[in-house]
Amino acid sequence: MSLVKPLISLIVLVVLAISLNTKFGSVPPLGKFFDPDAGFWANAERSLPDTDELNLDAIQGEVSVYFDERRVPHIFAESEYDLYFVQGYVTARDRLFQMEMQTYDAAGRLSERLGDRTLNRDLSTRRMGMPYGAEKAIELIKEDEKTWSALNAYSEGVNAYISSLSPKKYPIEYKILDFAPEEWTPIKTAHLLKNMTRTLAGGSNDDRTSNTMAYFGDDFIEKFFDVKPGLNDPIIPPSKTWDFDRVPVHTPDTLFKPASALELENFDRPEGVGSNNWAVSGEKTASGFPILSNDPHLGLTLPSIWYEVQLHAPGLNTYGVSLQGAPGVIIGFNENAAWGTTNTGADVMDWYEIKFKDGSKQEYWYDGEWKPTTMRVEEIKVRGQETVFDTVIYTHHGPVSEIESDINEEREPTYHALRWIAHEPSNDLKTFFGFNRMESYDDFKEAASHFVAPAQNFIFSNNEGDIATWISGKFPNKWKFQGRTVGDGTDPLYDWQGWIPTEHNPNIKNPERGFVSSANQESAAPDYPYYLDDDFAPFERGRRINELLAGMENITKEDIRRMQMDNYSYHAATILPEMLEWINRERLSDTELEILAEAEAWDYLNKAELKAPGIFRWWWSNFYNGILSDEYSTTDASLRWPSRDRLIEVIKSEPEFEFFDNIETEEVESRQRVVTDAFKETVEELTDAYGEFGDNWNWGVVINNDVDHIAFIPGFGAENVYSSGNSESINATRGSWGPSWRMVVELGLEVKGWGVYPGGASGNPGSPNYDSMLEAWRVGELYELKFMKEPPEEYLYELKFSSND
Amino acid sequence: MLQTVLIAITAFLLNIIFPWWSIAIPGLIFGYLFKKKAHVSFGWGFLAVFLLWGGQALYIHFANNGILSTRIAEMLGVGSPYLVILITGVLGGLVSGFATLTGTLFNKKVPS
Chain D
8 MSLVKPLISL IVLVVLAISL NTKFGSVPPL GKFFDPDAGF WANAERSLPD TDELNLDAIQ
68 GEVSVYFDER RVPHIFAESE YDLYFVQGYV TARDRLFQME MQTYDAAGRL SERLGDRTLN
128 RDLSTRRMGM PYGAEKAIEL IKEDEKTWSA LNAYSEGVNA YISSLSPKKY PIEYKILDFA
188 PEEWTPIKTA HLLKNMTRTL AGGSNDDRTS NTMAYFGDDF IEKFFDVKPG LNDPIIPPSK
248 TWDFDRVPVH TPDTLFKPAS ALELENFDRP EGVGSNNWAV SGEKTASGFP ILSNDPHLGL
308 TLPSIWYEVQ LHAPGLNTYG VSLQGAPGVI IGFNENAAWG TTNTGADVMD WYEIKFKDGS
368 KQEYWYDGEW KPTTMRVEEI KVRGQETVFD TVIYTHHGPV SEIESDINEE REPTYHALRW
428 IAHEPSNDLK TFFGFNRMES YDDFKEAASH FVAPAQNFIF SNNEGDIATW ISGKFPNKWK
488 FQGRTVGDGT DPLYDWQGWI PTEHNPNIKN PERGFVSSAN QESAAPDYPY YLDDDFAPFE
548 RGRRINELLA GMENITKEDI RRMQMDNYSY HAATILPEML EWINRERLSD TELEILAEAE
608 AWDYLNKAEL KAPGIFRWWW SNFYNGILSD EYSTTDASLR WPSRDRLIEV IKSEPEFEFF
668 DNIETEEVES RQRVVTDAFK ETVEELTDAY GEFGDNWNWG VVINNDVDHI AFIPGFGAEN
728 VYSSGNSESI NATRGSWGPS WRMVVELGLE VKGWGVYPGG ASGNPGSPNY DSMLEAWRVG
788 ELYELKFMKE PPEEYLYELK FSSND
Chain F
928 MLQTVLIAIT AFLLNIIFPW WSIAIPGLIF GYLFKKKAHV SFGWGFLAVF LLWGGQALYI
988 HFANNGILST RIAEMLGVGS PYLVILITGV LGGLVSGFAT LTGTLFNKKV PS
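These protein sequence lines map, in sequence, to chains D and F. Quick note: the first sequence, position 505, residue 512 per the numbering used here, numbers continuous. Quick note: the second sequence, position 43, residue 970 per the numbering used here, numbers continuous.
Everything labelled a hint here was simulated from the structure, so no lab data went into it. Note that the structure is predicted; figures quoted are calculated from it, not measured. The reader is advised that the hints may include incorrect statements.
[What the hints assert, rightly or not] Computed footprint of chain D on chain F; a stretch qualifies when at least three of its residues, placed anywhere within it, have a C-beta under 8 angstroms from a C-beta of chain D:
| # | region |
| --- | --- |
| 1 | 946-956 |
| 2 | 976-988 |
[As the list claims (entries may be wrong)] A partial selection of chain D residues facing chain F, derived with a Cβ cut-off under 7 angstroms:
| # | residue |
| --- | --- |
| 3 | P13 |
| 4 | L17 |
| 5 | V19 |
| 6 | L20 |
| 7 | P36 |
| 8 | K39 |
| 9 | F41 |
| 10 | P43 |
| 11 | W48 |
| 12 | A51 |
| 13 | D57 |
| 14 | K364 |
| 15 | I720 |
In this text, a Cβ means the ideal position worked out from N, Cα and C, and glycines have one as well.
Between the sequences and the hints, there should be enough to build the whole structure, so can you do that?
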């Protein structure tokens, strides 16, 4: 008798079972993954969670969490410890994968879970000093008992949830990527906040400005980067007077020229990061109380970057959106006051050329002597591979990057140290804890004063009728234009010589015009005594908001909601009439003329159902490139491109602007020629991309608005969300960027809030709640926010926590 | 037929507690005990867990209004959630089929 057959069969079975239990490349272990009991099917939500009661050792008293019909948790606790513990627990329950991935990314640890495809991202994160900054932040946070205990309570809550999970209950992404959640620690919150600094204050023009100065000369720099567009309308109205003398700084006699043209890592910021906020005083509202509005524009993802929550404990009752991974509410309101935020584009990231003594890089030249460097070894674990060790050199400025210069003749590497606000110790949560509890303007001012980075334009309003703005954050006290070019790492005059005293930060309270607002534009008028940056957002959104608000009276919440959806393009209004005037119609075909007629009839509203917005956007972009790209592509060095609003001023006032000529051709091109070529090119490109001219050219299609899953898992996002908006409109929706949370708060004896974000409370792609608010967000509807003073009578379901003792 | 029912019920129970590969165990046992022809054993074994996993998947699909299966279909690029259900059934069926076949073959070759 032979055992051959049964053994072969057994081997086939074992190989099959092992194969289906193994991850191949990005394919999850299939048997494990398809198992209806514990694989992805287990994540398909079949009914609402039941009301439940949990007994946990760590809980001190009783906590009730009421989930409303949108499944927003309203947490009622008897102590702050319990409150933050449960905030951690419920946030993890809805958003664990996102919480973890954000912090892996911020700590340069993605490769530990995802393998070598993310190694470059991790290396860059480490070389920028992200973990270094987080370590310094957590040291400072430990000194503040309140923040430290909140972080610990939150961590314990997250961990209580994680330890309750069997692999079957892991969020679906863990099953796809085949790993397990790890313990949460307070430093992860510091990592998360540093990641916000990277997103919002991780941009720099230094190398590009230096290169442009060397290449096109000082006059070009002056023309495009010193002169501000005449339509600029700063955040702090020019009526504000500054009743202090600035803290002096020492300025170098001549500006340092870097040794070579070079290309630092791309720290350009995509347009789309930016936000709006405003508050109107009671004199302008129907209710007689202020109304506050905020819509932060960030990357639109599923799950959303925001998690809505109400926090209620003795001495605290606040509602708004939180970041998963941080205790407290980041944007919201309480029973007395509301606050909102937009990003400040100040320059807080500077590069310095470093001169090392020799190849060992142990010493660098500074202030007339050789100074020792320090080294930090970054250990990057890589899934399925050997650990990567990366040694990063630090000068007193910060971490040093080596640039392989292929531009200077010697082709020698150059070294650049990074001085960046993210390396500062900071306890930014203290500001939000203050906002969560504030009543008066003084409370607001005090809380805002603790903020370090990323600098924010905080607005405030309260039931006493005050409205105010503080531009908050730690700003280096710079000489004019310091840090817009690469600095001299050997000269102390290029160092950040100190800080702008917090009380000198731009601010305004109850201005005569009856409103405060911000849209990432210039912080203050040119008479503000300090230099912050030469590069803020174009004037368009800020000016539009101010003009609308100035003309409004008897304002209601509904007026503000409509205003958040305003699609007016100031950009088009300032240049499209001229482009239509300049274009040579004789060169256009009948179809092209028909398409041009769409642009001519346009009222400058970026509406989904119109074709003109797409035609204009592509036409402008081709015109812009037609003017500049020939000159800009004559060098490999990366150069700084003019902002569109300033370029428009120049081309309108200088018909013979030399850049109109295409230097690659014999003939001399005119403005008319360039704008006409750009139009013909646009028609061609749009036809290629969207087919013959027709409804498929509608802006709602061309806007290309995808709300992708945070790990870009196909099928887990929402593709081609047909919507209005554009980056220059108040409704700044465009191509996966846009209003990540729209909120309106009406102050009053009963504070009322409305809000929406493009997603849902649940982070589970198998839940109807995953993207349940997307449609309301798309069309600009707001939900009334259930702000409760007492535990509610009615709710969807309840989660109760009590102590084991 | 009885063999299929027994495999399916046992696999269902084991699968609740143990990892997914425990669905191979009933095939091995009942394949050995029922001692059918090789291809018949494979067939009944396959059918048992094909129906079990496929049925469970189908039930979840409807109870979830197809939200997740539609997303998974898009993730896998297979177009229809019903193919996701089919794949689920086939994967489970294959493991159980080979297990049942192995059980039967051992019974035939090992003198009892």
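Exercise. Return the numbers of the hints above that this structure violates; sort them in rising order.
Key: 7, 13, 14
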